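Novice: The primary structure of each chain is shown beneath.
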Amino acid sequence: MTERSHSGLRPSRIAIHAVLILAALVYLIPLFIMLITSFKTPMDIRTGNLMALPSEWTTLGWSKAWSEACTGVQCDGIRGYFWNSFKMTVPAVLISTLLGAFNGYVLSKWKFRGSDLFFGMLLFGCFVPFQVVLLPMAATLGKLGLANTTSGLVLVHVVYGVAFTTLFFRNYYVAIPDALVKAARLDGAGFFTIFFRILLPMSTPIFMVSLIWQFTQIWNDFLFGVVFASGDSQPITVALNNLVNTSTGVKEYNVDMAAAMIAALPTLVVYIVAGKYFIRGLTAGSIKG
Amino acid sequence: MSQLELRGIRKTYPGIAEETLKGIDIDIASGEFLILVGPSGCGKSTLLNTIAGLESITDGAIVLDGQDISTMEPKDRDIAMVFQSYALYPTMTVRENIAFGLKIRGLPKADIDREVARVADLLQISHLLDKKPSQLSGGQQQRVAMGRALARRPRIYLFDEPLSNLDAKLRVEMRTEIKKLHQRLGTTIVYVTHDQIEAMTLADRIAVLKDGELQQLGTPKEVYDTPANLFVAGFMGSPAMSFVPVTVARGERGPEAEVRGEDGRSLTLPLPDYLADRVGQRVILGIRPEHITQPQAQKQDSRLVATGAFTIEVTEPTGPDVIALIHLNDTPVHCRIDPEHPVTWGESAELMFDMKKVVFFDPETEQRIAPH
Chain A
1 MTERSHSGLR
11 PSRIAIHAVL
21 ILAALVYLIP
31 LFIMLITSFK
41 TPMDIRTGNL
51 MALPSEWTTL
61 GWSKAWSEAC
71 TGVQCDGIRG
81 YFWNSFKMTV
91 PAVLISTLLG
101 AFNGYVLSKW
111 KFRGSDLFFG
121 MLLFGCFVPF
131 QVVLLPMAAT
141 LGKLGLANTT
151 SGLVLVHVVY
161 GVAFTTLFFR
171 NYYVAIPDAL
181 VKAARLDGAG
191 FFTIFFRILL
201 PMSTPIFMVS
211 LIWQFTQIWN
221 DFLFGVVFAS
231 GDSQPITVAL
241 NNLVNTSTGV
251 KEYNVDMAAA
261 MIAALPTLVV
271 YIVAGKYFIR
281 GLTAGSIKG
Chain B
290 MSQLELRGIR
300 KTYPGIAEET
310 LKGIDIDIAS
320 GEFLILVGPS
330 GCGKSTLLNT
340 IAGLESITDG
350 AIVLDGQDIS
360 TMEPKDRDIA
370 MVFQSYALYP
380 TMTVRENIAF
390 GLKIRGLPKA
400 DIDREVARVA
410 DLLQISHLLD
420 KKPSQLSGGQ
430 QQRVAMGRAL
440 ARRPRIYLFD
450 EPLSNLDAKL
460 RVEMRTEIKK
470 LHQRLGTTIV
480 YVTHDQIEAM
490 TLADRIAVLK
500 DGELQQLGTP
510 KEVYDTPANL
520 FVAGFMGSPA
530 MSFVPVTVAR
540 GERGPEAEVR
550 GEDGRSLTLP
560 LPDYLADRVG
570 QRVILGIRPE
580 HITQPQAQKQ
590 DSRLVATGAF
600 TIEVTEPTGP
610 DVIALIHLND
620 TPVHCRIDPE
630 HPVTWGESAE
640 LMFDMKKVVF
650 FDPETEQRIA
660 PH
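Chains A and B supply the protein sequences, listed in that same order. Here the first sequence is numbered in the numbering used here, starting from 1 and rising by one per residue. Here the second sequence is numbered in the numbering used here, starting from 290 and rising by one per residue.
Derived by calculation from the structure, the hints in this document are not laboratory data. Since the model is a prediction, treat every value here as computed from it, not as a measurement. Treat the hints with care, since some could be wrong.
[Claimed, not checked] Here are a few chain B residues that face chain A, going by a calculated C-beta distance under 8 Å:
id, residue
1, 368
2, 370
3, 372
4, 379
5, 380
6, 389
7, 390
8, 397
9, 457
10, 460
11, 461
12, 463
[What the hints assert, rightly or not] Pairs of lysine to any residue, SDA-like flavour, derived with a Cα cap of 20 Å:
id, chain 1, residue 1, chain 2, residue 2
13, A, 111, B, 303
14, A, 111, B, 347
15, B, 420, A, 197
16, B, 392, A, 64
17, B, 364, A, 185
18, B, 364, B, 337
19, B, 398, A, 197
20, B, 421, A, 191
21, A, 64, A, 264
22, B, 311, A, 196
23, B, 421, A, 114
24, B, 392, A, 192
25, B, 392, A, 264
26, B, 364, A, 264
27, B, 364, A, 188
28, B, 398, A, 188
29, B, 421, A, 196
[As the list claims (entries may be wrong)] Label pairs and their computed distance ranges (CB to CB):
id, chain 1, residue 1, chain 2, residue 2, range
30, A, 83, B, 305, 45 to 51 Å
31, B, 399, A, 202, 25 to 31 Å
32, A, 83, B, 453, 55 to 61 Å
33, A, 115, B, 472, 44 to 50 Å
Backbone N, C-alpha and C fix where the C-beta goes; we use that ideal spot for every residue, glycine too.
Please construct the entire structure, taking both the sequences and the accompanying hints into account.
Specialist: Structure, rendered in structure tokens:
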């Protein structure tokens with residue numbers, strides 16, 4: 001301990017900290033500007049300095065973004081789209097995570113002939129660019145009658161996310177000793193009992209990883225949203241784009257910034273709430289001997 | 290109390306040419322403590338897993354109390370197993386761990402509570418019932434794992450190297466405890482270990498396996514005193530039996546063989562009479578450390594005892610004995626000497642060879658030459 005506190009005073013330490021603090025500031029400046037701009041009056045924005053604090057604090061931008069701003073022809077704000085995003089993200093995250101957990105369980109504890117090959121091919125799903133699946137997916141959604149619906153978007157995100165969630169859970173479960181499954185089998189537990197009673201309760205860290213990852217991916221997705229949803233079912237990312245691009249007279253930067261903040265808040269909250277599990281879950285496999 | 294028959298068990302893994310189990314036949318009597326022992330990779334754990342139903346067999350039959358259970362699901366076999374890693378469910382308390390199998394079998398809560406209490410009492414873990422496995426020491430986890438097996442009152446208990454994760458002192462304690470438990474409950478146990486001392490101390494009978502083949506099946510005394518072949522002889526016993534190649538000669542009072550020490554001095558060892566028809570042939574003399582000691586007057590009048598001086602190369606005091614290393618016919622040989630009879634390394638010492646329990650092997654077949 002004493003050695004560590006000594007090394008804390010060394011110039012190299014100071015240099016490292018200085019660089020890290022500088023990097024953090026560089027990353028925080030856009031957020032800072034967004035935040036203060038969202039609380040400024042339009043007048044303040046036009047006349048004042050970009051970095052200056054508002055001369056007069058107002059939540060006008062926030063309330064307008066929430067319920068009055070125009071996204072294209074409609075002028076109901078982004079609140080409807082905010083809930084759209086929730087209706088899309090929450091089921092998509094939960095379904096893809098549960099499917100991933102289940103896949104991971106089978107691929108690690110009930111290996112079948114060719115299961116490793118299957119897993120290897122599934123991993124390709126992680127590297128398929130969004131653009132590649134747009135047309136076939138559009139055709140599929142059309143055939144299923146899910147085009148332009150939130151359910152359709154949920155399906156798209158579940159299909160796309162399962163590759164990642166399976167990877168997470170499979171690698172997590174591989175590190176859990178097989179003897180646990182054997183013991184449960186001898187205790188009389190079946191396939192599903194072992195999953196729900198033994199493995200799933202042990203999965204909190206990797207569950208959090210999957211949750212954060214999927215939530216961020218799905219909430220922030222723009223491409224699928226803009227392609228597979230229209231009008232009332234659009235997610236907030238698309239609405240934000242429409243809001244910013246709708247030009248009726250003067251550009252209301254405070255409203256744009258507030259809308260962007262609203263769109264970004266949920267992922268931020270999820271990360272703050274569950275973030276400690278994220279690192280823990282990602283490193284869990286490596287710590288276990 | 291159940292009786293288990295293994296009939297010609299064969300196991301081949303897909304993609305592996307060599308059979309993992311090459312036809313194992315063992316009858317395990319009701320209440321018997323059978324130990325499967327062998328080096329790693331000999332198939333002992335595989336055999337245990339096939340009994341449990343965790344792995345299928347390619348050929349043969351597993352018969353429990355007259356019923357062929359070879360194709361039954363593990364849960365229907367009524368067999369419990371204790372694992373090397375304990376395999377306790379980490380998210381459950383000790384109580385829940387022990388009760389899990391009972392709950393799944395749909396026992397009423399009152400019965401489960403009574404059973405958990407009985408087992409906890411038996412294993413002295415009552416005070417740990419509300420703890421999680423991660424809060425327990427290795428020895429306590431071991432007890433809980435045994436408790437989980439005991440709670441179901443299965444027909445057969447399987448132990449897969451249950452003590453190998455414990456430190457040496459605790460291992461000896463738990464060994465005694467398992468033996469006591471077996472004597473008290475009279476259960477049928479199949480126990481896998483690679484530790485030959487565990488096998489000797491615990492077993493009613495030992496099955497020695499190597500490369501998927503049963504080498505010998507017998508009581509600890511049989512396996513120790515009359516090993517079937519060179520492998521069994523070398524595997525059981527610590528320090529191991531020494532193997533000295535000798536040529537059988539005809540002596541005045543029966544067959545004999547000459548051994549030469551490192552310094553060129555030689556000694557003629559008397560051999561048992563059943564080797565008379567091997568005169569002129571090479572045999573391998575298997576001698577355990579305790580057969581070479583300091584001279585003991587009360588034993589010397591036997592024809593099968595000889596005394597000679599050899600150079601001691603290394604001495605290893607173990608407390609009750611001193612293990613001394615000599616060379617006979619260019620082969621290292623261990624001797625077990627009373628510490629009250631000091632020997633010094635590098636110096637010559639009088640050693641007494643008691644040939645009554647020495648065994649002999651055919652160098653070609655590696656099988657023991659049986660008295661006839």
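Novice: With reference to the structure, classify each hint as holding or not holding.
Specialist: These are the hints, each one checked on the structure:
1. 368: Holds - the Cβ of residue 368/B comes within 8 Å of chain A, reaching about 7 Å at its closest.
2. 370: 5 Å, holds
3. 372: 4 Å, holds
4. 379: Because about 6 Å separates residue 379/B from the closest Cβ in chain A, which is inside the 8 Å limit, the hint holds.
5. 380: Holds - the Cβ of residue 380/B comes within 8 Å of chain A, reaching about 4 Å at its closest.
6. 389: 5 Å, holds
7. 390: Since the shortest Cβ distance to chain A is 4 Å, the answer is holds.
8. 397: For residue 397/B, the interface hint is violated, since the closest Cβ of chain A sits about 16 Å away, which is over 8 Å.
9. 457: 21 Å, violated
10. 460: 19 Å, violated
11. 461: This hint is violated: residue 461/B lies away from chain A, its Cβ roughly 24 Å from the closest one there, beyond 8 Å.
12. 463: 18 Å, violated
13. 111/A / 303/B: 14 Å, holds
14. 111/A / 347/B: 19 Å, holds
15. 420/B / 197/A: 18 Å, holds
16. 392/B / 64/A: With Cα atoms ~58 Å apart, residue 392/B and residue 64/A exceed 20 Å; violated.
17. 364/B / 185/A: Holds. Residue 364/B to residue 185/A sits at ~6 Å (cutoff 20 Å).
18. 364/B / 337/B: Since the Cα atoms of residue 364/B and residue 337/B sit roughly 15 Å apart, the hinted pair holds (cutoff 20 Å).
19. 398/B / 197/A: Roughly 18 Å separates the two Cα atoms, so the pair holds.
20. 421/B / 191/A: Cα-Cα ~24 Å, so violated.
21. 64/A / 264/A: Cα-Cα ~17 Å, so holds.
22. 311/B / 196/A: It is violated: about 38 Å lies between the C-alpha atoms, which goes past 20 Å.
23. 421/B / 114/A: 37 Å, violated
24. 392/B / 192/A: With a Cα-Cα distance of about 15 Å, the restraint between residue 392/B and residue 192/A holds, given a limit of 20 Å.
25. 392/B / 264/A: Not satisfied, since the Cα-Cα distance of roughly 47 Å exceeds 20 Å.
26. 364/B / 264/A: 51 Å, violated
27. 364/B / 188/A: Measuring from Cα to Cα gives roughly 4 Å; hence the hint holds.
28. 398/B / 188/A: Answer holds: residue 398/B to residue 188/A is near 17 Å, not above 20 Å.
29. 421/B / 196/A: Cα-Cα ~19 Å, so holds.
30. 83/A / 305/B: 45 to 51 Å: 58 Å, violated
31. 399/B / 202/A: 25 to 31 Å: 29 Å, holds
32. 83/A / 453/B: 55 to 61 Å: 58 Å, holds
33. 115/A / 472/B: 44 to 50 Å: 45 Å, holds
Of the numbered hints listed earlier, those contradicted by the structure are 8, 9, 10, 11, 12, 16, 20, 22, 23, 25, 26 and 30.
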